[in-house]
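There are 4 protein chains.
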Amino acid sequence: MGITLELAQTAIQAAHEKALEMGVKMNIAVVDAGANLVAFVRMDDAWLGSLDISIKKAKTARFFDMPTGVIGSLSQPGGSLYNIEHSNGGLITFPGGIPIKDGSGKVIGAIGVSGHGVEDDHIVAEAGVSAVEGK
Amino acid sequence: MGITLELAQTAIQAAHEKALEMGVKMNIAVVDAGANLVAFVRMDDAWLGSLDISIKKAKTARFFDMPTGVIGSLSQPGGSLYNIEHSNGGLITFPGGIPIKDGSGKVIGAIGVSGHGVEDDHIVAEAGVSAVEGK
Amino acid sequence: MGITLELAQTAIQAAHEKALEMGVKMNIAVVDAGANLVAFVRMDDAWLGSLDISIKKAKTARFFDMPTGVIGSLSQPGGSLYNIEHSNGGLITFPGGIPIKDGSGKVIGAIGVSGHGVEDDHIVAEAGVSAVEGK
Amino acid sequence: MGITLELAQTAIQAAHEKALEMGVKMNIAVVDAGANLVAFVRMDDAWLGSLDISIKKAKTARFFDMPTGVIGSLSQPGGSLYNIEHSNGGLITFPGGIPIKDGSGKVIGAIGVSGHGVEDDHIVAEAGVSAVEGK
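Chains A, B, C and D, in that order, give the protein sequences.
Counting in this note's numbering, the first sequence runs from 1 upward without gaps.
Counting in this note's numbering, the second sequence runs from 1 upward without gaps.
Counting in this note's numbering, the third sequence runs from 1 upward without gaps.
Counting in this note's numbering, the fourth sequence runs from 1 upward without gaps.
If you're looking for bench data, these hints aren't it; they were derived computationally from the structure.
Careful: at least some of the hints might be erroneous.
Using 27 Å as the maximum straight-line C-alpha spacing, the simulated DSSO-like pairs for lysine-lysine come out as follows [unchecked claim]:
| id | chain 1 | residue 1 | chain 2 | residue 2 |
| --- | --- | --- | --- | --- |
| 1 | B | K25 | C | K25 |
| 2 | C | K25 | C | K106 |
| 3 | D | K25 | C | K106 |
| 4 | A | K101 | D | K106 |
| 5 | A | K106 | C | K25 |
| 6 | A | K101 | B | K106 |
| 7 | B | K101 | C | K25 |
| 8 | A | K101 | A | K25 |
| 9 | A | K25 | D | K25 |
| 10 | B | K101 | B | K25 |
| 11 | A | K106 | D | K25 |
| 12 | A | K106 | C | K101 |
| 13 | D | K25 | D | K101 |
| 14 | C | K106 | B | K106 |
| 15 | D | K25 | A | K101 |
| 16 | B | K101 | C | K101 |
| 17 | A | K106 | B | K25 |
| 18 | C | K106 | A | K101 |
| 19 | C | K101 | D | K25 |
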């Protein structure tokens, strides 16, 4: 089923440390290859509504094996995937979700981060991915 | 309720073969005249998020008896069916869903395909329709 | 993610043939190790309400890696898992769902069958499992 | 909103270590005073269906400020809370969910554990509570 709990916790810890360093309060979720939750943390006083968003970002990134922001660029009015967000019980397609690959390039899960501006969400998610990718 | 399992499986097999020929990995669903699932296949390593999308495309095509992309052209901001995707537990209105008719032109079901660019999804869906329409 | 489409179709075909032999009309679903649908067929004139039940049986069998009827024996009033059916968006815990294992005994997916008495559902599911288990 | 992430992670780590010691594979969730998820881990190869159950147990324990098993004793046929599981998007009322209190006895959150027999689930949950209660 892809990512282990140990790797998921390593990703979350790295993302958490990045968020602390940036002074932002985040919800951080990691799902496995089946898009099912493996580990999650919500930092104190992080936006409550970002709880569900972080999990949906992680799921969305695994559902289509690409960063969530890429999907969002295609789901705009007039875009080829307009309103794809209505599928799968609700997708989140702005930045902050990124697939996690193993050393061979196979997707083993994904991380989703939500709690601040979407650029910051993406930076924190990247910190999580960097800590584990290829391990 | 329209399409038989035998015809649905013929449509799915033709679509599956077309996808293999094109080198794309698809989720393929067929619903009957009641918009209920009759047959489904997910090709190995096809996008997981496309499972639900393929079924929603088939249902959407039967709900309104037209290709999903046509509905999408009407559901844009300012369009007459703006945000129709909120109905029926979630519609998908970009290409890849096509109604299936019998020899008399009566709609007996629909096919929905998802897994690649929406033009490819539509081509694969058409291969499925062509294999059974009028039979 | 476990079971391939080829194996899933082999299981469904064997179950379908068993159902024809028994003269019963079934919905037959196979999910992978992530409990996501891989293949599905609904026989002509099979109960429409059994569509969802067959998928939920397959998911339930994979969720807990045991036949659905075993869970049902524990979820009765007074039982240790009373009303477990309220989890996971709805479980079905009467017979007809069975995990599918590979040659090493690892669960790679599950089959769910619904459409007749639950004993018949279970027999048809077993025919599907027997056709692929250990392959 | 009650429990901090730090305390929630302490509870989860203690529960995780207890599960390892007992040789059982668990899903472990902690919610805050608002019954919203604060932290979660799923041990490798733990039952997939227990993911949702562990979260629902934690929520149920905080919803009513009592161990889930106590509610289950009242929700049986003929009991005063018969079928209370239908509320709140689905409750789980068998053992494995326990409220967490601060030093003054005020409930600050709850832990939910699922993955094995319900007695084991409860023991692992208690290990989590003991590690933080009154801190």
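Hints, one by one, checked against the model:
1. This hinted pair does not check out: B:K25 and C:K25 have alpha carbons roughly 31 Å apart, beyond 27 Å.
2. Using a Cα cut-off of 27 Å, the hinted pair C:K25 and C:K106 is violated, with the two alpha carbons roughly 30 Å apart.
3. Between D:K25 and C:K106 the alpha-carbon distance is near 16 Å, which keeps this suggested pair within the 27 Å criterion.
4. About 44 Å separates the Cα atoms of A:K101 and D:K106, which puts this hinted pair outside 27 Å; it is violated.
5. Between A:K106 and C:K25 the alpha-carbon distance is near 40 Å, which puts this suggested pair outside the 27 Å criterion.
6. Between A:K101 and B:K106 the CA atoms are separated by roughly 47 Å; this puts the pair beyond 27 Å, and the hint is violated.
7. Only pairs whose Cα atoms come within 27 Å are accepted, and B:K101 paired with C:K25 is accepted, the gap being roughly 25 Å.
8. As the CA atoms of A:K101 and A:K25 are separated by approximately 26 Å, the hinted pair is consistent with the 27 Å bound.
9. Distance restraint check for A:K25 and D:K25: the Cα-Cα separation of roughly 31 Å exceeds the 27 Å cut-off, and the hinted pair is therefore not satisfied.
10. A C-alpha spacing of about 26 Å is found between B:K101 and B:K25, which places the hinted pair at or below 27 Å, so the restraint holds.
11. Note on A:K106 and D:K25: the hinted pairing holds, with a Cα-Cα distance of about 26 Å set against a maximum of 27 Å.
12. Restraint check: the Cα-Cα separation between A:K106 and C:K101 comes to about 23 Å, which is no more than 27 Å; the hinted pair holds.
13. Proximity of D:K25 to D:K101 is assessed by CA-CA distance (about 26 Å); at most 27 Å being required, the pair is judged to hold.
14. Pair hint C:K106 plus B:K106 does not hold up; C-alpha atoms about 47 Å apart against a cutoff of 27 Å.
15. Note on D:K25 and A:K101: the hinted pairing holds, with a Cα-Cα distance of about 25 Å set against a maximum of 27 Å.
16. With a CA separation close to 40 Å, the supplied pair B:K101 and C:K101 exceeds the 27 Å bound.
17. About 16 Å separates the Cα atoms of A:K106 and B:K25, which keeps this hinted pair within 27 Å; it holds.
18. A distance of roughly 23 Å separates the Cα atoms of C:K106 and A:K101; the hinted pair therefore holds under the 27 Å criterion.
19. With a C-alpha separation of about 19 Å, the suggested pair C:K101 and D:K25 falls inside the 27 Å cut-off, and the hint holds.
When the structure is compared with the earlier hints, violations turn up for hints 1, 2, 4, 5, 6, 9, 14 and 16 and for no others.
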